[in-house]
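On the provided structure of chain A, position chain B as indicated by the hints.
Protein sequence lines correspond, in order, to chains A and B. Under the numbering used here, the final residue of the first sequence carries the number 337; numbering is consecutive throughout. Under the numbering used here, the final residue of the second sequence carries the number 344; numbering is consecutive throughout.
Among the clues, some could well be false.
[As the list claims (entries may be wrong)] Mimicking SDA-like on lysine to any residue, the simulated pairs with C-alpha atoms at most 20 Å apart in a straight line are:
1) B:278 x A:206
2) A:35 x A:70
3) B:278 x A:194
4) A:321 x A:258
5) A:149 x B:284
Derived by calculation from the structure, the hints in this document are not laboratory data.
Chain by chain, the residues run as shown.
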Amino acid sequence: MVPVLQVEDLRVHFILDEGTVRAVDGVTFSLEPGKTLGIVGESGSGKSVIGQAILRIVPPPGRIVQGKILLRSGNHNGDPTQLDLVTLDPHSREARRIRGHDVAMIFQEPMNSFSPVHTVGSQIMEALRIHTDVSQEEARNRAIEMLEKVGIPHPGRRIDAYPHELSGGMRQRAMIAMALVCNPRILIADEPTTALDVTIQAQILELLKQLQEEFGMAILFISHNLGVIAEISHEVLVIYFGRVMELAPVDVLFNNPLHPYTRALLKSVPGIDTPVRTQLATIEGTLPDPFAEITGCPFNARCTQCGGDIHCRDDQYELTKIGERHYVSCPRMCIAI
Amino acid sequence: MSEPQVFLEVKDLKKHFPIHKGVFKKVVGHVKAVDGVTFSMNSGETLGLVGESGCGKTTVGRMIMGAYRPTSGHIWFQPPNGEPRVDLANIEPSHMRSLRPYIQMVFQDPFASLNPRMTIREILAEPLVVNKIARGRELEGRVRELVELVGLKVQHLNRYPHAFSGGQRQRISIARALALYPKLLVADEPTSALDVSVQAQIVNLCLEIQDQLGLAYLFISHDLGLVRHFSKRIVIMYVGRVVEYAPAEPLFARPRHPYTEALMSNVPSTRPELVGRKIILRGEPADPINPPPGCPFHPRCLYAEEVCSQVVPPLEEVEPGHLAACHFKTTLNLTGCDALGCVI
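Chain A extracted, bound-state conformation (with noise of 0.2 Å):
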């Protein structure tokens, strides 16, 4: 299938006066329409820094230094062409045009993410009235079906509530109308079950796979969360210290990790095969500095498999295809292949 969204050796660096800290250093993946690409990441591997890098928000001092985002889009004659994000100013009227249309993002706390002074229904339909030509009316009538969509209970009611009077599932569940209500071809998902119980974190996930379904929008999903991750994705992008360790297809990377790291991971959760009370698998020692600058692999010193080889402390090495869409990038296996 033909992706929608492309992104190449994508580096965002934060330049500080105590140095430079590369959040995201040399992703590639593409987005196909209808799938959903799960990034796992522990807090500080600069997952969420690709998300925004793709609607070009960034905040300060971050830049993007390097790197390609292609969207696939159409134009005036119905051939596809190929827009580089990374190009568009992020202030102009295209960038603005972008998101919300083509590329929709949800986020982890739905209260910080609406204007507590404006109800819900006013904030969905501004976003329809801002990338699409329809009347007030027409869009309240939107509106309320977006949110009959994603369950929220007397939608023509609930229209008129502000975000304060929801709960935090419903607010969600309200995010989720306005992400999608103009149709977009991508949704960026950051963490947007983080903040919910374990039942209502099965219904929004349940919700964003049925309209994903009904939609055929594509999906990034970010979290910190690998039950999460392996519930929503199809494919896995497994990153850490800003880069990519391991992508591959949902049932391959729970089932057949390659990479030293993701197989660490995998280890420290308690599963049914752990017995209980005994010891879980630790990951030894801490993240790299952030400021540091690492040639090989950023995993190297805490790695069980290496033990702080040279090679795979400073060889550069690149993410190598493994087997069937799947790619690991471990110095041992990359170099030795």
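Chain B only, in chain A's frame:
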């Protein structure tokens, strides 16, 4: 080791917070945060307390700590020094002060629970100084012992909390809780703010310390997988009440309350081939200000019948040691986690 004995018994514990409104702060209703909770704990054992946000699990922990005074009910505590057992729910503050060293707490957010203006040495020494346990060289010795017990180094003592990562801070707050040789540690979501790899380190540390010191844990969490790994017995709460109370193994093999079943099936699984066996509950947890009549879970329950909306089901034994509060606890054949095969 001697026979495990019941040292904490919580009986029909309730906490209702009044809602004030208007100029005269008239009481217009109550938030029934905890509405009849009963369980007991043996010394050296881990009890898991599980529930969604707003179910009252933290309030139970705080009442045991003495931070809130219960509206009604009892918290029977057996002091380890052989004194007669006391009811922490109705106790003189001066008496509570002498018992407080036995019960300590570890909080969820290690960024908020450590004073940023104190060094680690000061943080660890404070409980010892305040309770007049140690001073001078003895104090320094105990502080060093504590910091090594939780896997940090003596050199760390002069640093301030900001110099530590989340996992290290949580180690410090565990060390602080251990300073007074407690018998019970109330751990309120101790790993929720941490990354998975760090979470595993803290879980391991908690297990090690328990084996070493013979502590009992009241482990409050929303993470069923973690609770299963830790606990001998588990209490499941829903809107201020206990819905199920059982040893871990039979609970996961065959839950007796529909809420427990749904909760187990909702835990995200890392086995993608199992996705689909989910019980998606309708609606949201009941409002503790105005809980529905009968069983508080009945509006969301898949198996609810007419009786559920009328009569509150009592918490009763189904099998020895396995209690559930459901009208159909013996007849329903619910699917446990083991049968679902879910990795939680």
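Against the structure, the hints:
1. With a C-alpha separation of about 10 Å, the suggested pairing of residue 278 of chain B with residue 206 of chain A holds against the 20 Å cut-off.
2. Using a Cα cut-off of 20 Å, the hinted pair residue 35 of chain A and residue 70 of chain A holds, with the two alpha carbons roughly 17 Å apart.
3. Among the hinted pairs, residue 278 of chain B with residue 194 of chain A is consistent with the structure: their alpha-carbon atoms are about 19 Å apart, no more than 20 Å.
4. Note on residue 321 of chain A and residue 258 of chain A: the hinted pairing holds, with a Cα-Cα distance of about 12 Å set against a maximum of 20 Å.
5. About 17 Å separates the Cα atoms of residue 149 of chain A and residue 284 of chain B, which keeps this hinted pair within 20 Å; it holds.
In terms of the numbered hints stated before, the structure departs from none.
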